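What the sequence shown shows, in the working numbering, is residues 1 to 118, in sequence order.
None of these hints come from the bench; they were simulated from the model. Computed from a predicted model, the values in this text were never measured in an experiment. Don't take every hint at face value.
[What the hints assert, rightly or not] Restraint-style ranges between C-beta atoms, simulated for each label pair:
#	residue 1	residue 2	range
1	Asn53	Asn83	28 to 34 Å
2	Phe78	Gln45	17 to 23 Å
3	Gln45	Phe21	16 to 22 Å
4	Asp92	Leu62	34 to 40 Å
5	Arg95	Gln66	27 to 33 Å
We put the beta carbon where it would ideally sit given N, CA and C, even for glycine.
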Amino acid sequence: HLPLGVDTVQVCFAADSNKVFSSPDLSRMIKINPGVISGDPGTVQDSVVTNNNITITGDDLLLFEQNQYVYYGIKYFFSGTDNKFIKIRSDDYIRIISWITAQVNADFSDDNGEGGES
Numbered sequence: 001h002l003p004l005g006v007d008t009v010q011v012c013f014a015a016d017s018n019k020v021f022s023s024p025d026l027s028r029m030i031k032i033n034p035g036v037i038s039g040d041p042g043t044v045q046d047s048v049v050t051n052n053n054i055t056i057t058g059d060d061l062l063l064f065e066q067n068q069y070v071y072y073g074i075k076y077f078f079s080g081t082d083n084k085f086i087k088i089r090s091d092d093y094i095r096i097i098s099w100i101t102a103q104v105n106a107d108f109s110d111d112n113g114e115g116g117e118s
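Put together the whole structure using the sequences plus the hints.
Here you go:
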């Protein structure tokens, strides 16, 4: 619910809270579309939902497995407005809701390739 788009949102993760933004251990980029605007100056008339999927690898998951705490932060990179005036109001906002869905492939065979115990 913001009258300008966010070209990119960088989601950053780091084991050291001081390095979340300066040198993240893991980061991914997503895009957020602007709300529906009208008027002059442009104001948001309706919210827009943008869905993004990101992929992380087994190596990426090690960050979470090997550290008791992992810190995260979000950087916003705002796009232009095509030379149109907009008005940002106190009730405009960006909301990021996230969840994790995982597809895991597991091999329970022992060293001899004969099914191990689970």
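Is it true that Gln45 and Phe21 lie within 16 to 22 Å of each other by Cβ? violated (33 Å)
With respect to the beta-carbon atoms only, verify the hint that Arg95 and Gln66 lie 27 to 33 Å apart. Taking Cβ atoms as reference, Arg95 and Gln66 lie about 31 Å apart, which means the hint holds.
Using the C-beta atoms of Asn53 and Asn83, is the stated range 28 to 34 Å upheld? Holds, at about 33 Å.
Per the hint of 34 to 40 Å, is the separation of the Cβ atoms of Asp92 and Leu62 within bounds? Since the Cβ atoms of Asp92 and Leu62 sit about 38 Å apart, the hinted range of 34 to 40 Å holds.
Do Phe78 and Gln45 keep their Cβ atoms within the hinted range of 17 to 23 Å? holds (19 Å)
Violated hints amount to a single one, hint 3; each of the other numbered hints is respected by the structure.
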